[in-house]
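Chain order of the listed sequences is A and B.
At position 222 of the first sequence (counting the first as 1) the number is 222 in my numbering, and the numbers step up by one without a gap.
At position 124 of the second sequence (counting the first as 1) the number is 1124 in my numbering, and the numbers step up by one without a gap.
Rather than coming from a laboratory, the hints here were simulated on the basis of the structure.
The structure presented is a predicted model; accordingly, all values stated were derived computationally and were not measured.
Partial pick of chain A residues on the chain B-facing surface, computed with a CB cut under 7 Å: (1) 190; (2) 191; (3) 196; (4) 200.
From the three backbone atoms N, C-alpha and C, an ideal C-beta is built for every residue, glycine too.
There are 2 protein chains.
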Amino acid sequence: MKKNIVLVEGAGFCFGVKRAIDIAFDVAQKHKDNVFTLGPIIHNPQVVEKLKDLGVHPIDDISQEKIKTLIIRAHGIPKEKFNEIKKLGCEIIDATCPFVKKAQNLAEKLASEGYQVLIIGDKKHPEVKGILSYAGEKAVVIEKENNQFDKDEKIPSLDKKIGIIQQTTQPLHKAKEIMNRIINSLSEFEEIRIFNTLCNFTSKRLEETKKVAKEVELMLVVGGKNSANTTQLANLCKEIGVKTYHIEDAQEIKIEWFSSAKKIGVTAGASTPQWIIDEVIDRIKKFTN
Amino acid sequence: MKKNIVLVEGAGFCFGVKRAIDIAFDVAQKHKDNVFTLGPIIHNPQVVEKLKDLGVHPIDDISQEKIKTLIIRAHGIPKEKFNEIKKLGCEIIDATCPFVKKAQNLAEKLASEGYQVLIIGDKKHPEVKGILSYAGEKAVVIEKENNQFDKDEKIPSLDKKIGIIQQTTQPLHKAKEIMNRIINSLSEFEEIRIFNTLCNFTSKRLEETKKVAKEVELMLVVGGKNSANTTQLANLCKEIGVKTYHIEDAQEIKIEWFSSAKKIGVTAGASTPQWIIDEVIDRIKKFTN
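Hey, can you work out the whole structure from these sequences and the hints?
Structure, rendered in structure tokens:
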């Protein structure tokens, strides 16, 4: 019996990662020599290996190699690094996620207009290091994880005029909590200017997955067993009460899963490439047609 | 025995009201004809009567009288009203509180830069009506009192780019609560630009009163028995545990109050003129010297 398969909108790679990988493969297909990505384009070995086969290699340091073409990955890089690369005279292909670029641009704009820039994010994350490099000398990064923002603790000493941006992948609730803390000290400020630089992709994927899980009889959640966000998706589906399988690839799928399900939902974590999702869909079709 | 008298910093008129009254008396002393204030300069009959004696009369409507000089009081007035007055060709003396003026200017700036202006304040208050007239067509006033902002209620539908200002006398905690609610809907906005237009005078007076009340043996709180903010000051002192008298003027003071107190504190509400405070101090000195 033919089954109805519903793929969750936004399953798999986020827009910025997908775009960066597309750019890398596009470059790879032009068969140029000495093409590199600064750091792995994504933390997915299959993708990195495929690119290597096509002649696009990840490097950690620009001094190591003779570079003709350098691809900057979705996270973006610090301004100083960018200027250093420019001096090499190589072709630069900037695959920085447009949302990250927007955060970099806003950081630069705020700093140039005299705001102290406050970035809500993880200090060690490459994206934050990049944004910070555009945010001027007075910029600070606030990350709750390091207990910089304990419940009864005061906000670090800040200027009267502050501009707030967020690492694009920060959880909304964390960003809100920190901003509410700042609002609570309103009397210490003249102006608090908040730009929303959050990419709502992750929360949207969760929402869409929830919606689909409620209307199907079986959910397949595709992604690494050790992927936090894929596991989160699988748990969400289980909580809703739908029969759920967390799989890493199409080979794990068993024909007997589909005996009683008329409508089947498919979702995938942020590190799951489209071709794995496609293979999963194909195998479901094969088993259910 | 000589006593130590401590007058609370910021007791009595706030800066803006004091300034407006000073301006009115200054004009009065120039003995001009046909000088008016648009509305009473302060809700204190003694002050208004004194000004009348000096030839400065409150009017409600500019069409009623032949006006040579018109004083605009601390609250400010709507832009349209101001333009209407300008057409009269009379001398305009603008005693709008500089903090209110700042809020008007920021409202106009935000509106001209494309922000939807959100004013936290009481819709019916003359100050808010004035600010609103500068805030552009899309502006909204949010006032918790009218249940526009119930706990589980959504924020009224707003633009993606909003600018927030506050009526200068709004309680800080109310402004914070409303702004926190807006931050909680961050994902619906691109930019939230908050200017602090609160006059921290009232909260500062409370703080300073608290400080003095803790170090004296007797507190005299001067102001109308029906004045909310004077009563608040008196209650604060009583809560701290110091012997407290809430008086309206110097005549109520009794010599026996001072028998056991070495250090006496004096504070006053926002509508208490300085000369009443001075009379109180003089009478305490007379009784304790």
